[in-house]
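Chain by chain, the residues run as shown.
Number of protein chains: 2
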Amino acid sequence: MSDEILSVGVIGLGNIGSGIAKNIIEAGYQGTVYNRTPAKMEPFLEMGAKPASSPRQVASTVEVILTSLMDDASVESVTTGEDGLLAGLKAGGIHIGATTISPRLTARLAEMHQERGSHYIAAPISGRGDYAQLGKLITQVAGQKDIVDKCMGILQCYTQTVTYMGEDHKAAANAKLAINYMTVSFIELYSQCYAFGLKCGISTELMHEFIETMMDWYSPRQYARTIKDRIYEPANFKVTSGFKDVQLMLESAKEVGAPLHYASLISDKYISLIARGMAHLDWSAIHEVNLWNAGLD
Amino acid sequence: MSDEILSVGVIGLGNIGSGIAKNIIEAGYQGTVYNRTPAKMEPFLEMGAKPASSPRQVASTVEVILTSLMDDASVESVTTGEDGLLAGLKAGGIHIGATTISPRLTARLAEMHQERGSHYIAAPISGRGDYAQLGKLITQVAGQKDIVDKCMGILQCYTQTVTYMGEDHKAAANAKLAINYMTVSFIELYSQCYAFGLKCGISTELMHEFIETMMDWYSPRQYARTIKDRIYEPANFKVTSGFKDVQLMLESAKEVGAPLHYASLISDKYISLIARGMAHLDWSAIHEVNLWNAGLD
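Chains as they are written, first to last, in the working numbering: chain A, 185 to 481; chain B, 185 to 481.
One chain only, chain A, in its complex shape (with noise of 0.2 angstroms):
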């Protein structure tokens, strides 16, 4: 294998894994493609890549094999057994994961490619089907650094920006993980508001605008930048104020009939701040609660 990355196999040609695919041979790469459904080749194989039968074949025929799936079990599906990528990669060869997988089937993906003279790299995407369309996924990766390196120029040529996580693979997959997990919890924080909004006589229209407003406003980075450097103090609003508001939000949601989910929760770490004597501190300070509860004190 060269140290210059020439040939590139996609396994997985869905909604992110076409858009990587296209970009990949579009970047110049020698691009070979498998997916379940062969259909989904034609495409690429109109732009010159070269088809494959099994993940075992794309992978004894190029340096790289990039797998962009469902979940856990099609990758590991694709990876294992006797049609697996692993039974076709060659020494040396690089498998990099792009699909959201748990952190402990991407430690033991890594560690069956070491059993076998092979590398993993572990670099989930963030991003919709469009934005792979356009080359701007955004990707945590992890894995051996000069393996890592090798492989930039092919991240880049599909993502926006590439953030190396150290070797550890399970901190990409957890990076990538926590990613989702805001976009699901703002998802849910946007629904309850609508709802709360329309059972109190405020539109969709006009909640909406107070959703665009927030993020734009500097209050929600402020926050951010409060809680990394723990400085709670000058409070610029006491944990007193927030648990008052938070107080007034449980009793609208229940006067109006729209239930805030998070309302509760909060409240009752502001309940643990001030039986703590942390009452005049600022209300994010409300993320000491959650240090304790990781062990982090």
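Hints in this document: simulated from the structure, not taken from any laboratory.
Treat the hints with caution; some may be incorrect.
Where chains are identical, the list cannot tell them apart; a pair therefore holds if satisfied intra-copy or between any two copies.
Taking lysine to aspartate or glutamate pairs in the DMTMM-like style, the calculated list, with each CA pair at most 25 angstroms apart, reads [as the list claims (entries may be wrong)]: (1) K320 with E226; (2) K422 with D314; (3) K438 with D452; (4) K383 with E435; (5) K383 with D481; (6) K320 with E396; (7) K412 with D400; (8) K320 with D400; (9) K234 with E266; (10) K412 with E396; (11) K383 with E295; (12) K383 with E226; (13) K320 with E299; (14) K438 with E260; (15) K438 with D481; (16) K422 with E260; (17) K334 with E210; (18) K224 with D267; (19) K412 with D267; (20) K224 with E417; (21) K428 with E230.
Remember, it's a predicted structure, so these values are computed and weren't measured experimentally.
Dock chain B against the given chain A, drawing on the hints supplied.
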């Protein structure tokens, strides 16, 4: 009382109230100030404001009185009673309530003013002390339209954005609670992520980068729109995929020992969606659960 308001009283010169008073006096209104701790009035007397010895006295010398206080109890106490502002305010006088108080008290204040021939407008602010000084607060205002219009010049002199919420005073109180609910939910979310990151070997600096990326990213904004319009097909990311990732989050949270407190709640909502045959929709269809829970479907 003339159509053009000339005199404005401010009760409460704390972190926010002092910034509001400064901007009102600088805008050229005849200011009168009152604060429970008299020393806090001094800087405003130097700016030309008149001192008052009770809320009642402020109210009796001005056309418009603004209260910026702590909570329901403090607002009620300066409003009612023998020395309260209601006892002093002339017929046609206006009370602007800038404090975050309960929708219940908001409605009661409006009634009390109406009975006495004066007017209440609910105008709770969002923002912190330094933004109050800069005149960059956010105000949601509700009340009788012509009275609100009359006060618009006052509101604008300390505010970056004023949103009129209609005649129902409670709508402004609830909109403010929704803004604070978003803020405190962001704080809690970020805090959970920092703690989780630390347990996964992701430095706080790096997690902070991810949080900043999220705030600037198209993704949260896109989902706010998807939810607003309730368009879940074609799915960008299916309920089943969202559910899978939330299970991975819960598993990883357990493994590294850092609770992700929103994840179980969200997981349960996905279970409901799947049980109701909505597994193929976009994961933002979680909104349908929240609408149903609020009696809206």
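Going through the hints against the structure:
1. Taking CA atoms no more than 25 angstroms apart as the test, K320 paired with E226 passes inside one copy only; the shortest distance there is 23 angstroms, against 56 angstroms between copies.
2. In this assembly of identical chains, the alpha carbons of K422 and D314 lie at most 25 angstroms apart only when taken from different copies (15 angstroms versus 43 angstroms within one copy).
3. Taking the shortest Cα distances, K438 and D452 sit within 25 angstroms of each other both inside one copy (17 angstroms) and across copies (21 angstroms).
4. In this assembly of identical chains, the alpha carbons of K383 and E435 lie at most 25 angstroms apart only when taken from the same copy (13 angstroms versus 35 angstroms across copies).
5. Taking the closest pair of Cα atoms, K383 and D481 come within 25 angstroms of each other only across two copies (12 angstroms); inside a single copy the shortest separation is 41 angstroms, beyond that limit.
6. In the homo-oligomer, the alpha carbons of K320 and E396 lie at most 25 angstroms apart both inside one protomer (22 angstroms) and across protomers (17 angstroms), since each shortest distance falls under that limit.
7. In this homomeric assembly, K412 and D400 come within 25 angstroms of each other (Cα to Cα) both inside a single copy, at 20 angstroms, and across copies, at 18 angstroms.
8. For the identical chains of this complex, K320 and D400 are neighbours both inside a copy (21 angstroms) and across copies (14 angstroms), given an alpha-carbon limit of 25 angstroms.
9. For the homomeric pair K234 and E266, the shortest alpha-carbon distance inside one copy (21 angstroms) is at most 25 angstroms, but the shortest distance between copies (88 angstroms) is not.
10. For the identical chains of this complex, K412 and E396 are neighbours both inside a copy (24 angstroms) and across copies (12 angstroms), given an alpha-carbon limit of 25 angstroms.
11. Within a single copy, K383 and E295 get their C-alpha atoms only as close as 53 angstroms, which misses the 25 angstroms cut-off; across copies the closest is 22 angstroms, which meets it.
12. Proximity of K383 to E226 under the C-alpha cut-off of 25 angstroms is found in neither arrangement, the shortest distances being 51 angstroms within a copy and 44 angstroms between copies.
13. In this assembly of identical chains, the alpha carbons of K320 and E299 never lie at most 25 angstroms apart, being 34 angstroms within a copy and 61 angstroms across copies at closest.
14. Taking identical chains as interchangeable, the C-alpha atoms of K438 and E260 lie at most 25 angstroms apart only when they sit on different chains, with a minimum of 22 angstroms there against 47 angstroms within one chain.
15. Only between protomers do K438 and D481 lie at most 25 angstroms apart by alpha-carbon distance; the minimum there is 18 angstroms, versus 35 angstroms within a single protomer.
16. In this homomeric assembly, K422 and E260 come within 25 angstroms of each other (Cα to Cα) only across copies, at 21 angstroms, whereas the closest approach inside a single copy is 50 angstroms.
17. In the homo-oligomer, the alpha carbons of K334 and E210 lie at most 25 angstroms apart inside one protomer (19 angstroms), although the nearest pairing across protomers, at 62 angstroms, exceeds that limit.
18. For a Cα distance limit of 25 angstroms, the shortest separation of K224 from D267 inside one copy, 20 angstroms, qualifies, whereas the shortest one across copies, 78 angstroms, does not.
19. Taking the shortest Cα distances, K412 and D267 never come within 25 angstroms of each other, neither inside one copy (47 angstroms) nor across copies (46 angstroms).
20. With identical chains, the CA atoms of K224 and E417 are at most 25 angstroms apart between copies only, with a shortest distance of 21 angstroms across copies and 58 angstroms within one.
21. Taking CA atoms no more than 25 angstroms apart as the test, K428 paired with E230 passes in neither setting, with 63 angstroms inside one copy and 34 angstroms between copies.
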